[in-house]
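Engineer: One-letter residues, chain by chain:
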Amino acid sequence: MAHFTKATSVKDWLNQRLAVDKVEKVMASEYWIPKNINFLWAMGMVLLITFSLLLCSGIFLLMYYVPTVEGAFYSVNYTIMREVGFGWLWRHIHGVAASVVFLIMYIHMFTGIYYGSYKKGREMIWLSGMLLFIAFSTEAFSGYMLPWGQMSYWAGMVITNLFAGGSLHADGLVEWIRGDYVPAQAFLGRFFMLHVVLVPVAILGLIGLHFAALRIPHVNNQDGEEIDFEAESKKYLAGDKAGSKVMRFANDFLSKDMMVVGIYLLFFFYLVFYNYGFAMDPVNFDPADGLKTPAHIYPEWYFLWSYEILRPFPIDTGLVLFGLAQGIFVALPFLDRSPNAVPASRRGLFKIWFWAMLCNMILLTSMGKLPPEGIFSQIGLVSAILFVVLWVLLPIITTFEKKL
Amino acid sequence: MKNKEPLILAIVVIFTLVTYYLVEPYAHHVMHKHVESQDFKYTDLPAITKIGNATNGKELVANAGCTGCHSISKEGIAAPMDAVASAGAYGVNPPDLSEMGAILDANFLASLIKNPAHALKVEHKFDAAKGQMHPMISFYGMGGDIDQEIADMVSYLQSIAVSPSEVTPAMAFENACGRCHAVGYEKWTQIGTKPAFKHEKDSLAFDIKVLEYQDSLKVYMGKLPPDLSMYIRSRSQEYIETFVENPQNHLAGTAMPRVGVTADSMDKIIEYMLDSGDTKRHERESVGMKVMIYLLVFAIFAFLWKKQVWKDLH
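Listed in order, the protein sequences are those of chains A and B.
The numbering of the first sequence is this note's numbering, which starts it at 1 and goes up by one.
The numbering of the second sequence is this note's numbering, which starts it at 405 and goes up by one.
Next comes chain A alone, as it looks inside the complex (with noise of 0.2 Å):
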């Protein structure tokens, strides 16, 4: 057993049992950041802003909200945007950083890419990375569900028609998903549960092995050097700050860190006050009705690339691609295979494969959003080949990279 002293202040108790000391050293003061990093290195920090931001505002929201067919429409839109104080205020935070989490995790996916921050003992971090990105995707489904609007329900219904499988009419397996033949109660019960328990918990796991994953090795930084994490760190110590190419984690980076945080907060709480329509869908406000489907049924945003690679298919083709679509960029620590872990502009023809990926899923994302009438279906239809061909080629075109 370890020896106890009798404490010289509170500072000293607590350094005893729980060795406070340490641990801030360990996960801030001596936690050591390469300096040569841009304002997109504070994007984990933005996403950690923000999924508090989610966390709180939905704790209020789960207070008023009721989770059945009869109750839920009314619970949202008069209970929480009417009669609870500030109820609206917390809806549209909630609405709008289920948004925007998704175009920062876009902007740090695409970072990662762009830097080849997912090679070199960096993989954990990127697979990690995926299955947050995941998990995120079914919270956002699963949370779309509860309002019980109109597109609530259809889709739903469309997104669980998914799993019969096409052709293999799985159709009992949807019902088992569903708990009944049409979205129900059921179907509102489980996928409550998911959003407010079960996801959550799975996130807040996936962030502690997201974060231990950078530990060993390192953050990357947009040169692609190589740092010598041990050396850098006595310089900086030896009193060398501004020689040492590395930085603490706080105050350093977190400085910088809280400048972008700043600044994206002024942007995400503008969105809030003064252009939310786009994260809470006009559909979604009438209430949901298994007897009108309406005209146009598509998903939110952050989902319509993938959406438009199953759309322009015969359906078990569409499907197949689909289930691709939703799994390949797990895989890409494995499909790029050249050894150089640095910024796609010196890479060749990854640098342009990265910029014609990224354009194409952005022509995705709009295609899937537009009716898949005359030139929209034959751009989609281009676009979400491109988007196979792209992922084809990737190993090819990396096997062939000159060794830097």
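Accuracy of the hints is not assured; some may be wrong.
[Claimed, not checked] Computed list of lysine-lysine pairs in DSBU-like fashion (alpha-carbon distance at most 30 Å, straight line):
| hint | chain 1 | residue 1 | chain 2 | residue 2 |
| --- | --- | --- | --- | --- |
| 1 | B | 622 | B | 437 |
| 2 | B | 408 | A | 351 |
| 3 | B | 622 | B | 591 |
| 4 | B | 408 | A | 235 |
| 5 | A | 234 | B | 408 |
| 6 | A | 120 | B | 408 |
| 7 | A | 351 | A | 120 |
| 8 | A | 120 | A | 35 |
[Unchecked claim] If the Cβ cut is set under 7 Å, some of the chain A residues that face chain B in the computed set are:
| hint | residue |
| --- | --- |
| 9 | 38 |
| 10 | 251 |
| 11 | 273 |
| 12 | 282 |
For the record, the hints were derived by calculation from the structure and aren't laboratory data.
Even glycine gets a Cβ: it sits at the ideal position worked out from N, Cα and C.
Fit chain B to the given chain A structure using the hints.
Structural biologist: Then chain B, alone, in the frame of chain A:
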């Protein structure tokens, strides 16, 4: 090394805005038909050319049989039947005429008196040639100049109504929309505002009356017209306005009549719907401003902190 951050920020912002533009304004422009408002002028209807005389109008209204169906509560004329029985007889409860002169457009009122199905744009449903009569009977004149008589009646209705500036949001909505549409969040039913009852059986009795009324309405309209509590958010303001101005533009063949409100009354109706579906909009604006100021101060301090910390790092 050159600072690349402004370039990176520009790229992130441009890609984000392009995506936003394509997914929001552009997609909605493609998906939703744009209908230009005619500013509630009803130019397809002839304008009143005669100068009306309210005193004559009062006599005409009394003699032409209007009050056989309509109440004019302001003049002490009660409805011959209650709302439920009226709906049973006509499909929908005929409106009280007290404020119609302020809420409806004068030219529209004149055309309505002369040929209801035409003014209401429901001739596809009420074709006299096929024996489908509109429940409101056309006015064929009392022997004099019919246009003069109609001008007198309109003038009378305007003389008893409040002045257009005194029309309240609830008055505009209840008169123009409220006999077909309920607004549950404002406790409005097709037969009036539901009172707070002391005894549950009285509350249930009221609900039964509403249901009976709705049964007649369903037969008359083809389906129960929707509750409009959240319509200000499920449809845009522009959509609601152009829809009310002429429902056929958005939904050809719909049973919903053109109700002929003035532009001012339309604004009041929108205000009523905002009160129901976007109740906290004023609070949102004032809180929004305070939060933005707070965050601006936060961002400035965060920037200064960063500058201070980083001056030793270079």
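Engineer: Which of the listed hints are not met by the structure?
Structural biologist: none
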